[in-house]
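Let chain V serve as the given structure and place chain E on it in line with the hints.
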Amino acid sequence: MDIPWDIIIIQTVNGIVTGMILALVASGLTLIFGIMDVVNFAHGELFMLGAYMGVVTLATTGNFWLALVVATVIIAALGAALQVVTLRPLLGRDPLYTILATFGISLVLQNYALWQFGPVARKIQEPFSGQFTLFYLQYPWYRLLIAVLSAAMIGGLYLFLKYGRYGVWIRATTQDRVMAQAMGIPVPWVHTGVFALGAGMAAASGVLFGPLVGVNHAMGLDWVLKAFIVVVVGGMGNLGGSIAASIFLSLLEAYASIWVSPSQAIIVSSVVLILTLLFRPTGLFVPTPK
Amino acid sequence: MNPPEVSAQPLISVEGVHTYYGKSHILNGVSLAVGRGEVVGLIGRNGVGKSTTLKTIMGLVNASAGRISYDGRLISGLPSHKLARIGIAYVPEDRRIFKLLTVMENLRTGLDRDGVSELRKKELLEKMFAYFPRLAERRGQAGGTLSGGEQQMLAIGRAMMLEPKIILLDEPTEGLMPRMVSQIREIIEVLHRDGVAILLVEQNVPLTLAASQRVYFMEKGAVQHHAAASDLTVDHPIIHKYLGV
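If you're matching them up, the sequences are chains V and E in order. Just so we're aligned, residue 268 is where the first sequence starts under our numbering, counting upward by one. Just so we're aligned, residue 18 is where the second sequence starts under our numbering, counting upward by one.
Extracted from the complex, chain V is given alone in its bound form (with noise of 0.2 Å):
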């Protein structure tokens, strides 16, 4: 059989690209369940209308960077506001509160995005419109972009866990919340930002994605579902296992669909899944448990 060297060169790129955005939504989601023990099923409505408010601020000045700062900041503060009413009064509580309060968020929050929206899908356009040759496609500059930008935000990100004052705080309370606490880190608050951190990076990814597919309202549920896969196959609450699995399964995803269609291939996301609960359940992108 002739491999197809172009077409996986293409799925490479489409899949790097694809696995960087993806990236960026489960590194807030993983950041969030290392630290509070919430699985957050709104992470997906955060994306969603992080992309809405793309829009409208795309709409009123017509500057796509201002949008993309702009949803980025709102959306945090909305998951700052989310967190301190309704997750921090259940720290502490068995994690069934937390999904279902997290679950019912994304239901408001779907649900008022398709009032408030209505249901006709919405565009960015992309901030510019120039494309290069890759072999017979006119491959769109922009998508490049999109992987170069969230790879700057998660190595932003990195950075700032590792030698920012803030960044320690974190780490310090996601290993141990009561010590971390006993040494004068005001937990609460370590929450809540990082609540509101995951928050602006899924917003910023929805912006990003937005002109490749179109805003609405139900736009979150494939990439959080994509995302929790991603979080259990990079081992939860593991920052680099996440970044790792997105792009591996990204590509996955991405060769197989030059056999199958792409709609087909999710299903081998789903395998590794199942494959990685079975026999690997602490994560495959992490060091094997002493």
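Note that these hints are calculated values from the structure, not bench results. Hints may be right or wrong, so weigh each one.
[Unchecked claim] Sample of chain V residues facing chain E (criterion: CB under 10 Å; computed from the structure): (1) Arg432; (2) Thr441; (3) Val454.
[Said to hold, decoys possible] Cut-off 25 Å, straight-line C-alpha distance, at most; resulting in silico cross-link-like pairs (PhoX-like, lysine-lysine): (4) E:Lys138 <-> V:Lys429; (5) E:Lys116 <-> V:Lys429; (6) E:Lys237 <-> E:Lys182; (7) E:Lys139 <-> E:Lys99; (8) V:Lys429 <-> E:Lys139; (9) E:Lys144 <-> E:Lys116; (10) E:Lys182 <-> E:Lys139; (11) E:Lys116 <-> E:Lys99; (12) E:Lys237 <-> E:Lys258.
[As the list claims (entries may be wrong)] Rough simulated footprint, nothing fancy, chain V against chain E, three-plus residues with beta-carbon under 8 Å: (13) 112-121; (14) 125-134.
What you are looking at is a predicted structure, and each value in this text was computed from that prediction instead of being measured. Ideal placement from N, C-alpha and C gives every residue a C-beta, glycine not left out.
Relative to the frame of chain V, chain E by itself:
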């Protein structure tokens, strides 16, 4: 033997504190006081509530009744992160090092506070590293890779970064080699000389008697007896009564 005098305005005073874990009544009216710069031992058998007393003072366990005041101010009910910021530091029995954080990052959790200048941070670090040179050598290493003794040093060093007025020190020598034990003994002395008060829970009676000015004896979730350390010896009947050694 009369109970020793407690200073009129103690740094920490615990009055009639009750604590529950679920339905088990752990502290049954604990009362004690620690003066400024004073080292006070808390002695008793396993499970009488010594560690719970420290946790309750630190705000990690809620007192259901009683008063805890610090520096003349009522602190019961305050979250522990606020207590840490006003000068109460806690070194738990199991050390609770942030295992994935480096030694330096562990120290930064206490050092990165508002109002601490870079110069002051440097001074605090240098002073602590002078006592624990091993930590200076391993500052880039993950906390979880340190030996038990080094982890204990780190737990104490980390508490020192808060510039506390009092350290709640829970079983600092547990499971340590004799050489390490004497080092812990020395650091308690150094802290005492610096004017830091210490409430010391410790099974090592000779060390407790040597390091403390006063000693409280706990049984059944309450302080039953109170004596000046200088009045006690390792084989004193009271020690036998409360520790059964």
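Evaluation of the provided hints:
no.	hint	result
1	Arg432	holds (4 Å)
2	Thr441	holds (9 Å)
3	Val454	holds (6 Å)
4	E:Lys138 <-> V:Lys429	holds (19 Å)
5	E:Lys116 <-> V:Lys429	holds (15 Å)
6	E:Lys237 <-> E:Lys182	violated (29 Å)
7	E:Lys139 <-> E:Lys99	holds (24 Å)
8	V:Lys429 <-> E:Lys139	holds (20 Å)
9	E:Lys144 <-> E:Lys116	holds (23 Å)
10	E:Lys182 <-> E:Lys139	holds (19 Å)
11	E:Lys116 <-> E:Lys99	holds (24 Å)
12	E:Lys237 <-> E:Lys258	holds (13 Å)
13	112-121	holds (count 5)
14	125-134	holds (count 5)
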